[in-house]
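Enquirer: Our numbering applies: residue 67 is where the sequence shown begins, and numbers increase by one.
Don't read these hints as lab results, they were simulated from the structure.
All values derive from a computational prediction rather than experimental measurement.
Fair warning: there could be bad hints in the mix.
In silico EDC-like cross-links for lysine to aspartate or glutamate, where the CA-CA straight-line distance does not exceed 20 Å [to be verified]:
#1 K138 - D162
#2 K112 - E136
#3 K138 - D105
#4 K108 - E136
#5 K74 - D176
#6 K112 - D165
#7 K74 - D173
#8 K138 - D110
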Amino acid sequence: MWHKPWLKSPASAAKGADNLVDCAWPFTSFAEGRATTGDVTKLDGKPVISVNVTAEVAEGGVYTFYIAAEGKPYLLRIGYRDSHHRTVRRFSAFNDRLDIQPPAAADVLDLSSLPSNAS
Numbered sequence: 067m068w069h070k071p072w073l074k075s076p077a078s079a080a081k082g083a084d085n086l087v088d089c090a091w092p093f094t095s096f097a098e099g100r101a102t103t104g105d106v107t108k109l110d111g112k113p114v115i116s117v118n119v120t121a122e123v124a125e126g127g128v129y130t131f132y133i134a135a136e137g138k139p140y141l142l143r144i145g146y147r148d149s150h151h152r153t154v155r156r157f158s159a160f161n162d163r164l165d166i167q168p169p170a171a172a173d174v175l176d177l178s179s180l181p182s183n184a185s
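Starting from the given sequences, assemble the full structure and let the hints guide the process.
Expert: Following this line, the structure appears as structure tokens:
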């Protein structure tokens with residue numbers, strides 16, 4: 067852990083970009099874009115369906131979503147390309163166990179323990 071202490075506060079106290087209330091990065095290009103479904107193809111040896119979304123507000127950029135064509139329709143990859151950029155986001159390990167442990171009590175500052183008039 068690089069940053070200490072962890073701050074403990076109720077979810078009801080979340081504001082704006084805390085990512086508990088609102089998404090700080092909306093994909094507005096999807097609202098104005100156009101989606102087309104591609105044929106079943108293979109990605110890393112697995113059959114996938116690709117969905118291309120042209121992001122008109124991004125000067126012709128295209129998002130390609132690759133969705134598993136067999137079993138549950140998991141999102142496996144998102145690619146983006148335009149004349150200047152290419153990015154890829156991969157998703158994996160669906161249904162695998164994830165061992166998450168809370169931070170040590172000594173690393174947590176409980177904000178509810180502070181006086182209510184503290185600023």
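Enquirer: Work down the list of hints and note, for each, if the structure agrees.
Expert: Hints and how they fare:
1. About 14 Å separates the Cα atoms of K138 and D162, which keeps this hinted pair within 20 Å; it holds.
2. Our distance criterion of 20 Å between C-alpha atoms is met by K112 and E136, whose separation comes to about 8 Å.
3. A C-alpha spacing of about 18 Å is found between K138 and D105, which places the hinted pair at or below 20 Å, so the restraint holds.
4. Our distance criterion of 20 Å between C-alpha atoms is met by K108 and E136, whose separation comes to about 11 Å.
5. Taken as a hint, the K74 and D176 pair is honoured in the structure, with Cα atoms around 5 Å apart against an allowance of 20 Å.
6. Straight-line distance between C-alpha atoms of K112 and D165 comes to about 27 Å, which puts the hinted pair past the 20 Å bound.
7. Of the supplied pair hints, the one linking K74 and D173 holds, its CA atoms being roughly 10 Å apart against a limit of 20 Å.
8. Among the hinted pairs, K138 with D110 is consistent with the structure: their alpha-carbon atoms are about 17 Å apart, no more than 20 Å.
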